[in-house]
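Listed below are the residues making up each chain.
There are 2 protein chains.
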Amino acid sequence: MPNIRDVAQRAGVAPITVSRVINDTGYVSDELRQRVEQAISDLNYVPNRLGPSMRSKRSHTVGLVVADITNPFWTTVVRGVEDAAYKAGYHLFLCNSDESVYKEREYVELLLSRQVDGFLIVPAETQFDVLELIQKQGKAIVLLDRYVRTRSIDIVRGDSDGAGYLLTRHLLDLQHRDIAMLNGPRLASTAVERAKGYRRAMNEAGFLDRSERILWGEYTQESGYYQTLEALQWRPRPTALIAANNFIALGIVRVLDNFGLRIPEDISLVVFDDLPVEVNLRPFFTSADQPAYEMGFLAANTLFERLGGDRSSELKDIVLPFKFTVRSSSGPPPKP
Amino acid sequence: MPNIRDVAQRAGVAPITVSRVINDTGYVSDELRQRVEQAISDLNYVPNRLGPSMRSKRSHTVGLVVADITNPFWTTVVRGVEDAAYKAGYHLFLCNSDESVYKEREYVELLLSRQVDGFLIVPAETQFDVLELIQKQGKAIVLLDRYVRTRSIDIVRGDSDGAGYLLTRHLLDLQHRDIAMLNGPRLASTAVERAKGYRRAMNEAGFLDRSERILWGEYTQESGYYQTLEALQWRPRPTALIAANNFIALGIVRVLDNFGLRIPEDISLVVFDDLPVEVNLRPFFTSADQPAYEMGFLAANTLFERLGGDRSSELKDIVLPFKFTVRSSSGPPPKP
DNA sequence: CTGAAAGCGCTTACAG
DNA sequence: CTGAAAGCGCTTACAG
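Protein chains in written order, with this note's numbering: chain A, 1427 to 1762; chain B, 1427 to 1762.
The set of hints was computed from the structure by calculation and includes no laboratory data.
Remember, it's a predicted structure, so these values are computed and weren't measured experimentally.
It is possible that part of the hints are untrue.
Since copy identity is lost for identical chains, a pair holds within one copy or between any two.
[Unchecked claim] Straight-line alpha carbon distances no greater than 30 Å define the calculated DSS-like cross-link-like pairs of lysine-lysine that follow:
#: 1; residue 1: Lys-1529; residue 2: Lys-1483
#: 2; residue 1: Lys-1483; residue 2: Lys-1513
#: 3; residue 1: Lys-1513; residue 2: Lys-1749
#: 4; residue 1: Lys-1513; residue 2: Lys-1742
#: 5; residue 1: Lys-1749; residue 2: Lys-1622
#: 6; residue 1: Lys-1513; residue 2: Lys-1562
#: 7; residue 1: Lys-1562; residue 2: Lys-1529
#: 8; residue 1: Lys-1742; residue 2: Lys-1483
#: 9; residue 1: Lys-1742; residue 2: Lys-1562
#: 10; residue 1: Lys-1742; residue 2: Lys-1529
Using the sequences plus the hints, can you model the full thing?
In structure tokens, the structure reads:
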């Protein structure tokens, strides 16, 4: 491939003149400019951005680490990030952590050596040890969706606490009293927040000490499956279930049939993150959806602001409200 | 950030010795190795891969351009690519072309200047002009899903022709005779192939000249909507519809209600790419699904083989069969 | 076993 | 308005 010197030679100028033409910087006479442009097109010259990246220590590149792009929620977040990056002239390295801190760290190290300017990460756990590594290298970072132990870090997330509260209130308003929450892992901040909202609504309604009604698990279909099996053993049997995410909801649906239970006649269901719609029962439950696209878009732009020199300003904790889709049939509870 | 010379200085060695320790190449005495490792950890040294990339002209980086990552089909393809890349030690630049040749070209140019080693692209149109650019720069490329005019290019794709044939046969076997195909754009090779399979099955069954039963459009919900409106005007009215992709199927479903038509009682439906399942009618149609993950994984590995020096071998055209999910209720046709 | 030199492609800072 | 020199961080190829 030709380099800037080949172009310069062909045009009979110095490399720096070619550079000035390419970047439209400094003064170049029309005549030289024409000769350079001719040489560029003759040689199919494509400037190599690795050079400038090395000099300027700016790659205009961002590392994006999500849990699993196969989950439509993250897909949508990624799309928001990508659109923001496109507009801002950044390129994305896409990485799937699969919720593993090991893979997360591995990717961060590789991305650091690739000289990304910053990171957009969905942390796998609240113990976010790679942060030290990132900050020591002086790289910017904005978290997506889940906060971590340290608060000294920018984040854009959904209002899980508020949504947990509203979903629970919704069920309470429909006269449900025995409400089980099938939750994600204790190490995920979103699960913790969702539980907090649940408890707040229950307490306000005068139902104290309902913590044992929260089943901690994973954000997976399997987990939802086993959590449901357990919840259905309780006496009195719950009249309503809260699924802390879409996969857990799938697990729930898989079980109910075996117990001869139907939604909403026998048991009500409300769901966080109503995105993957495997379920034919969609009209029968109320859902609270994260504004996924906006989350990605905002987080990316927050990062780009930082990279643009806005490092001094104070930390951001942007909390986006969920979108509610209330469907009539989430209740009321069945008569015994 | 410290560089290799800082480490060398601290360890009292030459930079090349540090390089040898990092890459575990050449001979280094245990003593020096220890001093170097100590210095690396003291300084939190992270090697800068831009240096080697510039020297070796290998970035171990791949440009991935898909139509829209928001479509679950492409999501799954991307996941396959990512897993393959992770294993092979490559990193991905993710780009959405939004089916626009303009954006496609823009991304390819940017990726070229970023010195990607190769490309994985879902071409927006059969006229794939950027190919010249890519090949002139001596970069490897493997197409995903859709072929283009030039055949001198590796590709991994689904067997659209075969799937079109089988879906049509399925309807014919159920005694359908008036079958409308709501297809994608004429510029998309997948749409062309799907139509080809349809015609082949119809011809074999003795129904010639059924080309006018193919409605060309876009792979979008809007297109499916208007195509359905048109198809329903025909006399005799079609007893079965073939949706050439998932979005078109959504458009179909939106219309049927207005006409008081129900699936499968009044009209049968078969669908390509049964991935986004907005539809509550899923149990009522037969679908042919692309092996999306495998497509991404295979395409990426094909590219890596090329990058590994396998450029000489002949062109690959890997055609993967669709997976069929035949649901009983796709037919038979209603009695008049 | 260890190291000094050169060069990958570019642009900043300086000189003319 | 134009250009020669130096340097971003690394490693190949050579010398000792």
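Tested hints:
no.	hint	verdict
1	Lys-1529 <-> Lys-1483	both (26 Å within a copy, 27 Å between copies)
2	Lys-1483 <-> Lys-1513	both (21 Å within a copy, 28 Å between copies)
3	Lys-1513 <-> Lys-1749	within (26 Å within a copy, 38 Å between copies)
4	Lys-1513 <-> Lys-1742	within (22 Å within a copy, 36 Å between copies)
5	Lys-1749 <-> Lys-1622	within (19 Å within a copy, 44 Å between copies)
6	Lys-1513 <-> Lys-1562	both (29 Å within a copy, 28 Å between copies)
7	Lys-1562 <-> Lys-1529	within (20 Å within a copy, 37 Å between copies)
8	Lys-1742 <-> Lys-1483	within (25 Å within a copy, 40 Å between copies)
9	Lys-1742 <-> Lys-1562	within (20 Å within a copy, 46 Å between copies)
10	Lys-1742 <-> Lys-1529	within (27 Å within a copy, 33 Å between copies)
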